[in-house]
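Keeping the supplied structure of chain A fixed, place chain B upon it in accordance with the hints.
Residue numbers (UniProt numbering), protein chains in the order written: chain A, 1 to 153; chain B, 1 to 202.
Hints in this document: simulated from the structure, not taken from any laboratory. Model, not experiment: these values are computed from the prediction. Heads up, the beta-carbon is just placed ideally off N, CA and C, and yes, glycines get one too. Among these hints, one or two may not hold up.
Far from chain B by the CB rule (all over 10 angstroms, computed), these chain A residues [to be verified]:
1. Arg4
2. Arg7
3. Gly16
4. Ala18
5. Pro26
6. Asp31
7. Pro63
8. Trp83
9. Gly95
10. Glu126
11. His136
12. Tyr145
13. Arg146
Within a straight-line C-alpha distance of at most 30 angstroms, the following computed DSSO-like cross-link-like pairs (lysine-lysine) qualify [unchecked claim]:
14. Lys122/B <-> Lys132/B
15. Lys61/A <-> Lys75/B
16. Lys138/B <-> Lys122/B
17. Lys61/A <-> Lys6/B
18. Lys137/A <-> Lys82/A
19. Lys61/A <-> Lys144/A
20. Lys137/A <-> Lys73/A
21. Lys75/B <-> Lys6/B
22. Lys138/B <-> Lys61/A
Example chain A residues on the side facing chain B (calculated, C-beta under 7 angstroms, incomplete) [stated by the list, open to error]:
23. Gln3
24. Thr64
25. Ser68
26. Pro99
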Amino acid sequence: MSQRVLREYRRLVAAGGAANESNLHPTDPADLTHWEATLEGPQGTPYEGHSFPLRVTVPDKYPTLPPSVCFPKRTMPHPNVKWDTGEVCLDTLAGGWTPVMDLQYAVMAVRRLLAEPNPESPLNLELAALSRLGDHKAYDGIIKYRLAHSSIK
Amino acid sequence: MKLDIKRVNPVFTWSWDTRDPAAAKDRQYPFLYNYYPVDVEKAHLENGNAVDGDEDEDVCGICRASYNGTCPSCKIPGDSCPLVAGLCHHHFHYHCIFRWLDTNTSKGLCPMCRQQFQLNSKLPINRPYLEKFESITKAIRERVFLDEAFDGNSQQEEYGNEMPSDSGGTGQERRSADQSDLEEDEEEQEDSFYGHLDVNIE
Numbered sequence: 001m002s003q004r005v006l007r008e009y010r011r012l013v014a015a016g017g018a019a020n021e022s023n024l025h026p027t028d029p030a031d032l033t034h035w036e037a038t039l040e041g042p043q044g045t046p047y048e049g050h051s052f053p054l055r056v057t058v059p060d061k062y063p064t065l066p067p068s069v070c071f072p073k074r075t076m077p078h079p080n081v082k083w084d085t086g087e088v089c090l091d092t093l094a095g096g097w098t099p100v101m102d103l104q105y106a107v108m109a110v111r112r113l114l115a116e117p118n119p120e121s122p123l124n125l126e127l128a129a130l131s132r133l134g135d136h137k138a139y140d141g142i143i144k145y146r147l148a149h150s151s152i153k
Numbered sequence: 001m002k003l004d005i006k007r008v009n010p011v012f013t014w015s016w017d018t019r020d021p022a023a024a025k026d027r028q029y030p031f032l033y034n035y036y037p038v039d040v041e042k043a044h045l046e047n048g049n050a051v052d053g054d055e056d057e058d059v060c061g062i063c064r065a066s067y068n069g070t071c072p073s074c075k076i077p078g079d080s081c082p083l084v085a086g087l088c089h090h091h092f093h094y095h096c097i098f099r100w101l102d103t104n105t106s107k108g109l110c111p112m113c114r115q116q117f118q119l120n121s122k123l124p125i126n127r128p129y130l131e132k133f134e135s136i137t138k139a140i141r142e143r144v145f146l147d148e149a150f151d152g153n154s155q156q157e158e159y160g161n162e163m164p165s166d167s168g169g170t171g172q173e174r175r176s177a178d179q180s181d182l183e184e185d186e187e188e189q190e191d192s193f194y195g196h197l198d199v200n201i202e
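Chain B extracted, bound-state conformation:
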């Protein structure tokens, strides 16, 4: 019998692997650990979860959408809406964390653990964004420094505090002033955010 193969239609699945890179050592291709395709079925068996429904998947803490999906402003998952990984082992959609870090309120901190958010420079997926994040966190550190210098209120640094530590009406004035600052920044940030998009993502 003779077979002629006329056409082959390969089908692939992929998903982001956000497990601890240290665990990647015993995988087949450790150098690819962030591109390494997770055995989807096996992963879901381990979690005891159904395959669909984003409630059960690993989600970006900011937009609550699956890592394998996109941030709210993108349509196509994967390289056009990539993940980045912080040194603190928290992962976000690049656009989500950037949008957050580009506000004064972020103080450059990871939204999960409130440590300074820094990209893990050893991971290949982070490489295109290292400079971008470096410059934005530097800018934020400067802004926060200036804010604090003018406030003369060192207690502002206590992030775990439930309350702003000002007293009387001044606190209120400052708060509303901050609020309007924020709104302005937000608008500028929107421009710069899409500006960055043009530079980085084709």
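Looking at chain A on its own, in the form it has when it is part of the complex:
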């Protein structure tokens, strides 16, 4: 299946930087199973002004199986991201995946998740509980506190 990843890589390179706003690129262009992207915190969210590295791993059976994505551990305070591991819970990358989607689509889906968290399927119970209670002040406060003390600025 690596041919498919190769095609995506060629297309990203051909399209140039403007079409690739998350700077999705393979960690090692000779490998193409490990990719990196940088997500800018969406405006109007507590993540605004921060940028977040995202690791994307392409399984052997890609694109029948979705890529797996992960933030570095303890960098992303978000209801659908496990704080200690950086694991992301996103339906697009599980049951909602179809092989016509690609790596760039997956990264965009994670970016959208930053702006639209889903407290119904939480991996960060603390933030999800606050979100469900509607305590936006505490919710935003915790996120900003975590980000301010995170090693990634």
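What follows is chain B alone, placed relative to chain A:
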């Protein structure tokens, strides 16, 4: 003057025609509409595209390779790596769509439009595969039905949902369980996939 023709070397080109069959009516040989050779140059003039470079050609949505090329596991295009056409007018390499439908995650849906993927039985190119697809989509419908019956979670059916609709840690457990199921299925599927290949493709 007298000419002796010693040898003739005919050269042909072909490409898959994935245009809407309804448009085939005004073509010369409507009964051949899926074998009908597209006027390659004309098609490319219409698209304003260069002839080579798979970026510009119609590609299979799953492997992103040209319809006129092969799926990643084949070498020779054409009859050994044919296209199939769904009722939803989405075309894929037979091997690509089969590999996808043979997973639980597919739920038997077209990867493009998420309708139930069914072959258009009227098209000659689909004919050798009708039974195969019928049986696999039936098997998948049963598996999905059982999954849902045991989950008791009807919300799982909302495919457009961005998130699995479970709450708390159980969702996570289920997800990883699904994941390992998937991997097992994938291995079995690999065998059955090539099994089907032997049956269908000589």
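Here's how the hints hold up against the structure:
1. Its closest Cβ contact with chain B, about 5 angstroms, brings Arg4/A to no more than 10 angstroms, contrary to its assignment away from the interface.
2. Under the 10 angstroms C-beta cut-off, the non-interface status given to Arg7/A relative to chain B is violated; the minimum distance is some 5 angstroms.
3. No beta-carbon of chain B comes within 10 angstroms of the beta-carbon of Gly16/A; the shortest separation is about 14 angstroms.
4. Residue-level check passed: Ala18/A sits 17 angstroms from the nearest beta carbon of chain B, beyond 10 angstroms.
5. The Cβ of Pro26/A lies farther than 10 angstroms from every Cβ of chain B, with a closest approach of about 16 angstroms, so its non-interface assignment holds.
6. For Asp31/A, the requirement that its beta carbon stay farther than 10 angstroms from each beta carbon of chain B is met, with the minimum near 18 angstroms.
7. Not every CB of chain B lies more than 10 angstroms from the CB of Pro63/A, the least distance being 6 angstroms, so the non-interface label is violated.
8. Every beta carbon of chain B lies more than 10 angstroms from that of Trp83/A, the smallest distance being close to 14 angstroms; the non-interface claim holds.
9. Its beta-carbon lying about 6 angstroms from the closest one in chain B, Gly95/A breaks the requirement of being farther than 10 angstroms from that chain.
10. Chain B leaves Glu126/A outside its interface by the beta-carbon criterion, the shortest separation being 13 angstroms against a cut-off of 10 angstroms.
11. Residue-level check passed: His136/A sits 20 angstroms from the nearest beta carbon of chain B, beyond 10 angstroms.
12. The claim that Tyr145/A lies off the interface holds: its Cβ sits roughly 24 angstroms from the closest Cβ of chain B, which is beyond the 10 angstroms cut-off.
13. For Arg146/A, the non-interface assignment is confirmed: its Cβ lies about 21 angstroms from the closest Cβ of chain B, beyond the 10 angstroms cut-off.
14. Straight-line distance between C-alpha atoms of Lys122/B and Lys132/B comes to about 16 angstroms, which keeps the hinted pair within the 30 angstroms bound.
15. Only pairs whose Cα atoms come within 30 angstroms are accepted, and Lys61/A paired with Lys75/B is accepted, the gap being roughly 19 angstroms.
16. The suggested pairing of Lys138/B with Lys122/B holds, with an alpha-carbon distance near 20 angstroms, which does not exceed 30 angstroms.
17. The hinted pair formed by Lys61/A and Lys6/B fails the criterion: a straight-line CA distance of about 52 angstroms is larger than 30 angstroms.
18. About 21 angstroms separates the Cα atoms of Lys137/A and Lys82/A, which keeps this hinted pair within 30 angstroms; it holds.
19. At roughly 38 angstroms between alpha-carbon atoms, Lys61/A and Lys144/A are farther apart than 30 angstroms, so this suggested pair is violated.
20. Taken as a hint, the Lys137/A and Lys73/A pair is honoured in the structure, with Cα atoms around 25 angstroms apart against an allowance of 30 angstroms.
21. Note on Lys75/B and Lys6/B: the hinted pairing is violated, with a Cα-Cα distance of about 34 angstroms set against a maximum of 30 angstroms.
22. Straight-line distance between C-alpha atoms of Lys138/B and Lys61/A comes to about 23 angstroms, which keeps the hinted pair within the 30 angstroms bound.
23. Interface hint at Gln3/A: satisfied, since its Cβ lies 5 angstroms from the closest Cβ of chain B, which is below the 7 angstroms cut-off.
24. For Thr64/A, the suggested interface contact is upheld, since its CB lies about 6 angstroms from the closest CB of chain B, less than 7 angstroms.
25. The beta carbon of Ser68/A is not positioned within 7 angstroms of any beta carbon in chain B (closest approach about 10 angstroms), and the interface hint is therefore violated.
26. Among the interface hints, the one on Pro99/A holds; its C-beta lies about 4 angstroms from the nearest C-beta in chain B, closer than the 7 angstroms criterion.
Checked against the numbered hints given earlier, this structure breaks hints 1, 2, 7, 9, 17, 19, 21 and 25; the rest are met.
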